[in-house]
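Given next are the chains, with one letter for each unit.
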Amino acid sequence: GAGVSQSPSNKVTEKGKDVELRCDPISGHTALYWYRQSLGQGLEFLIYFQGNSAPDKSGLPSDRFSAERTGGSVSTLTIQRTQQEDSAVYLCASSRTSGGAETQYFGPGTRLLVL
Amino acid sequence: AQRVTQPEKLLSVFKGAPVELKCNYSYSGSPELFWYVQYSRQRLQLLLRHISRESIKGFTADLNKGETSFHLKKPFAQEEDSAMYYCALSGLLGNFGNEKLTFGTGTRLTIIP
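Going down the list, the sequences are from chains F and W.
Quick note: the first sequence, position 46, residue 46 per our numbering, numbers continuous.
Quick note: the second sequence, position 14, residue 129 per our numbering, numbers continuous.
Isolated chain W, as found in the complex:
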């Protein structure tokens, strides 16, 4: 079974301070990891995915297979980063693609001005 754990439901950080949102996963195959974000009154949207190895809005995430983690980091938080963040996993399993996303329960990030 695949599982994604986000241990923090709420996280408050001062503007300009570093941010780290934790994500751990459990999966027997080769996972694809994603971070999705939902800003207030907006739809859920992709922030970044590990396969792209990109930095979006200053956020990065490194897949650590040894620790089965995919923590999201940003060195200097901005007020517009306040949102709900979901870590998600998909992968290839069985005879057909297991492309469904398994989400963590989410972390609500609040940036304090």
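Next comes chain F alone, as it looks inside the complex:
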């Protein structure tokens, strides 16, 4: 079946603009995760959804970052007033259920460049 999809695949924006990144998880997966992959920082956790609720937002770097998930499916990560340090690849992953041993399946990522 279809894997995790993300859009857009690339986004170039000007500093100060808002951006929205979309993630479509594998059908039936209840858990959804956002990570950020940047040079020198590796892969960092941002936020985790179980269904529509987000029990763990601990990785969001500032209040400019927010995410929502509606209908237990698609999720949107919003970055307001983007800064150059927000440039990174944003990865989404989903898993069948929540649980530390569950395999997370990753999307192809959205490459964000803030000029």
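The hints are simulated quantities; they were obtained by calculation from the structure and are not laboratory data.
Check the hints yourself; a few may be wrong.
Computed from the model, here is a short list of chain F residues facing chain W with C-beta under 10 Å [as the list claims (entries may be wrong)]: (1) H29; (2) Y33; (3) Q37; (4) A101; (5) Y105; (6) G109.
Every residue, glycine too, gets a C-beta built ideally from N, C-alpha and C.
Following the hints, complete the assembly by docking chain W onto the known chain F.
Using the frame of chain F, we list chain W on its own:
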């Protein structure tokens, strides 16, 4: 706090030689350990996880709780093993599942023909 350390950013190995990618972790609870791999122009994908005790593409990894290590090994490297490898940890902590993955910084493995 949970932490994963991969001491080698780059590792080059000749084809047919043994490979070992090191991973050490720090975690106060009971960890679940994973190795993820990212081949060129492909998405990040699971290679193996310790709970399954399986061998994938000839790779194995043993969880050593005494040394807090989860090194990835393969006896004979192949050219198609060239990729970026990430060690990752998750676990159960607190009142809800702490299922997020904490990744190491990754090791880029290059197999020399």
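Verification of the hints:
The interface hint given for H29/F is broken, as the beta carbon of that residue sits about 12 Å from the closest beta carbon of chain W, more than 10 Å. Given hint, Y33/F at the interface with chain W, holds; its Cβ is 6 Å from that chain's nearest Cβ, closer than 10 Å. With 10 Å as the threshold, the beta carbon of Q37/F comes within range of chain W, its nearest partner Cβ sitting at about 8 Å, so the hint holds. At its closest, the beta carbon of A101/F sits 5 Å from a beta carbon of chain W; the interface hint therefore holds under the 10 Å criterion.
A distance limit of 10 Å between C-beta atoms decides the matter here; for Y105/F the minimum to chain W is near 8 Å, and the interface restraint holds. For G109/F, the suggested interface contact is upheld, since its CB lies about 7 Å from the closest CB of chain W, less than 10 Å.
Hint violations for this structure: number 1 only, all remaining hints satisfied.
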